[in-house]
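Put chain H on the given structure of chain C with help from the hints.
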Amino acid sequence: MISIEHVTKRFGRGRAVSDVCLDVGTGDSVALWGLNGAGKTTLIRCVLGLISFEGRICVGGHDVGSRGKRARMLIGYVPQELSFYDELRVSEAVVFFSKLKGLGVPALDAVLGGVGLSGHEAKRIRELSGGMKQRLALAIAMLGDPPVLILDEVTASLDACGREEFVSLLAGLSGSGRTMLFASHRVEEVASLAKRVAVLEKGKLERVQSPFEFASALGAGTVVHLVIPAAARERAMAELRAGGLVPTLNGVGVLVGVDAARKAAPFRLLAEAGVPVDDFELLREGGHGTAHGRKEHA
Amino acid sequence: MIAAAIHSGIQVTSGAERVPPGLARNVMTISGRELRDAVRARWFVLYTLAFAGLGLAISLVSATATGGSGLASFGRTTAGMINLVLLVVPLMALTAGAGAIASDRERGMLQYLLAQPVSRLEVLLGKYLGLAGALLSCICLGLGACAGVLAWKGMGTDPAAVLWLAGLSFGLALAMLSCGVLISTLAGRASVAVGTAVFAWLTLVFVSDLGLMAGAMALRMRIEQLFALSVMNPLQVFKMWSLHAADASLDVLGPAGLYATEEYGKWLHALFAGCLLAWIVVPLAAAAVTLSRRSPI
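These protein sequences, in sequence, are chains C and H. The C-terminal position of the first sequence is numbered 1085 in the working numbering, with every residue numbered one higher than the one before it. The C-terminal position of the second sequence is numbered 366 in the working numbering, with every residue numbered one higher than the one before it.
Among the hints, erroneous ones may be present.
[Said to hold, decoys possible] Counterexamples of contact, computed for chain H against chain C with all Cβ distances above 10 Å:
hint: 1; residue: Leu118
hint: 2; residue: Ala126
hint: 3; residue: Ala214
hint: 4; residue: Asp227
hint: 5; residue: Ala269
hint: 6; residue: Leu281
hint: 7; residue: Ala283
hint: 8; residue: Gly323
hint: 9; residue: Thr330
hint: 10; residue: Gly343
hint: 11; residue: Ala347
[Unchecked claim] Okay, the calculated bits of chain C under chain H, using three or more residues with CB under 8 Å as the criterion:
hint: 12; segment: 855 to 861
hint: 13; segment: 864 to 872
hint: 14; segment: 881 to 889
Keep in mind that the hints were calculated from the coordinates and are not lab data. None of these values were measured; they are calculated from a predicted model. In this text, a Cβ means the ideal position worked out from N, Cα and C, and glycines have one as well.
Looking at chain H on its own, in the form it has when it is part of the complex:
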């Protein structure tokens, strides 16, 4: 009776023809759900407001510092915005990724989801793409609001610079999201995952910078070693790539920047893109392997 009622509400195929939806369709379904859930969440609203508010403050302060009529282009505030992105976007992406699997596992949602005709890879990719969509929205809203207000105030913006910064910020967000998701698949509890993500953020933002400086002085590193170590940190890659995109020179970074420009020249974009891509793909692949081997309970 119940079956008949429910059955009559949907179109089904006969038992022998039951074919589960393919990877792409399930990933789309899960990512759509994840995106809608993320943009309704408080963290999304808070991060977006913080990002847009701080970005606006940086832009206006830069304008004041250059004499009020300053900010002839968005490029003048680029340095400040790069530092803001370096602080906010990795934190946002790491914590969002860290909650993706661990909290679902803790609440029993992962088990319920995987009891449906979906694979673990589909769940992982769906969640990843959904969160990536939410992060992209946050970045676009933040930078868009910032550029919009500057334009409205008559302080010219350079659309290309805004787009470059948004694109690179999204690349950084994807890399950090991959790391966050990997942490999430490894952690037993959601609180441990988020704690580890915050620790990773502190390490990448502050400790690695200080460690690199200290290491360079103590070990008397050669300039190529210093540059090689720098590109191992996705935040440094983002910073160097953003500066390089802004004025095609890395002089501001000192000897390492000069070395990079001279050594790699026009290949710098490809080098940075490769590094960031590796930071996106490798942790995500590791997360997929971990999830396939770990119990969802």
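Bound conformation, chain C alone:
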């Protein structure tokens, strides 16, 4: 359904995406995984035909460069954060995008009810919470029941509760023959939604693996997500490495795989080193049943 052939995107002398080849079949669900700057969002923008690139990308057989409109007819897109006219009402936004997709006037109850936004038709977009905006973006993306869904770190701006709700909404969409391509740096999303994980590093596709192989590579059965202030992240990485763990930087902190019996190990190491931890999550294998907590600064 999505064919990415030798795609390279340069910004000046640097390469944000470098010779990436990836096929996403009908009904497949592929997570793009990587640190900030790995090229996930850039690759998604290429697939949407938003930016020029070297190579070739086809969606449903349509080249996104030369037949972009046709290709995007098959795609529902949810961005990291919905940015649209703040003064627009929810109902107006749905009708507007429905028209752009060449559909009739939608039955708002059904469209908004599907994402839990019933009763919010008359609200202006600026009045919606972050989670509600993402639900609206999902409702808009699903207009016309597109066969491809592309998501770009859709839970990055949500709190833990909102994330769980949104991921469970998305989980309801996967497995219905729909093709999904999504960028994420959250283990639980990858585990819940992906059938394959494409790991990007510095713009290159390093490997494509199953979610289980991916979780195993990250650590053992449990992954601890530590939210650490930016200024202390490098020190936290060094302390965790020194303690025999294998940490990975993600958007707002550090991911570290631990044995189920040693979940407190990273906290102990960081507390001894005086590294502050703002928040944490325990991400269990399979992605279901995350535990959340907040620690005082060590």
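Frame of chain C, contents of chain H only:
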């Protein structure tokens, strides 16, 4: 489950038959959205009030100056109204155009819009026509209110003169809107776009006039050169065309006006129309090319 719920709310065609809407339909959809958004915006209300208020003030002052019973026709206030249009309409159109693409790009709205089955040309034309509609409304409301109050006060108005002025003002607005949209596609940030638009307005309104006078004196330009340089400024084209339409003579402009009348005669309307059309089409085409080549992010 969600898909089924959403799917049931709309009429869709099967996957193999999915055909995106054509250019005209998408342009209509986007322009309708843009027009509704523009007329709700503060800038539209403020510009309309300022335009109507100043127009009314000019008309009433002209009436007083001609002895109270003056203003036998709207034509007597034409000179004042032309100067008002020269000041307000370009500023309004340039700044509205400057915000069209740059602010959407800055807020991520352009990226989201272009992720839908629409082309960049459709987005550009939709935004342009929507803003053009808002500007037309503003001009009609401003001049209409002015003419209406004058008529109500018993100071006769000439409907033809009002229509001519409104039409020419709209032509000028379209030209300036094209320039504003071009600035918007070139600028990286909305603040830079609006700043550049204001600078362009100052240049067109004040600097080019002074520069033309200074150049004519310093370089001892021939009259045809002076006229040629004048028609390169859309504001001068509007001014000359408005005066020409008002009394069929350009004597008031001095030697350049006399030269234009003698040289081009009945072709002056076509010349002015061609110049203004070029100012509408060329910057808009340049904006389309720029938008097609630039990243929307």
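For each hint, the structure was consulted:
1. Leu118: holds, 20 Å
2. Ala126: Fine: 32 Å to the nearest Cβ keeps Ala126(H) off the interface.
3. Ala214: holds, 26 Å
4. Asp227: holds, 40 Å
5. Ala269: Fine: 26 Å to the nearest Cβ keeps Ala269(H) off the interface.
6. Leu281: holds, 42 Å
7. Ala283: holds, 43 Å
8. Gly323: The claim holds: Gly323(H) sits with its nearest Cβ about 49 Å from chain C, beyond 10 Å.
9. Thr330: Holds, since 49 Å exceeds 10 Å.
10. Gly343: Nearest chain C Cβ is 34 Å from Gly343(H), so the label holds.
11. Ala347: About 30 Å separates Ala347(H) from the closest Cβ of chain C, which puts it past 10 Å; holds.
12. 855 to 861: holds (count 6)
13. 864 to 872: holds (count 7)
14. 881 to 889: holds (count 7)
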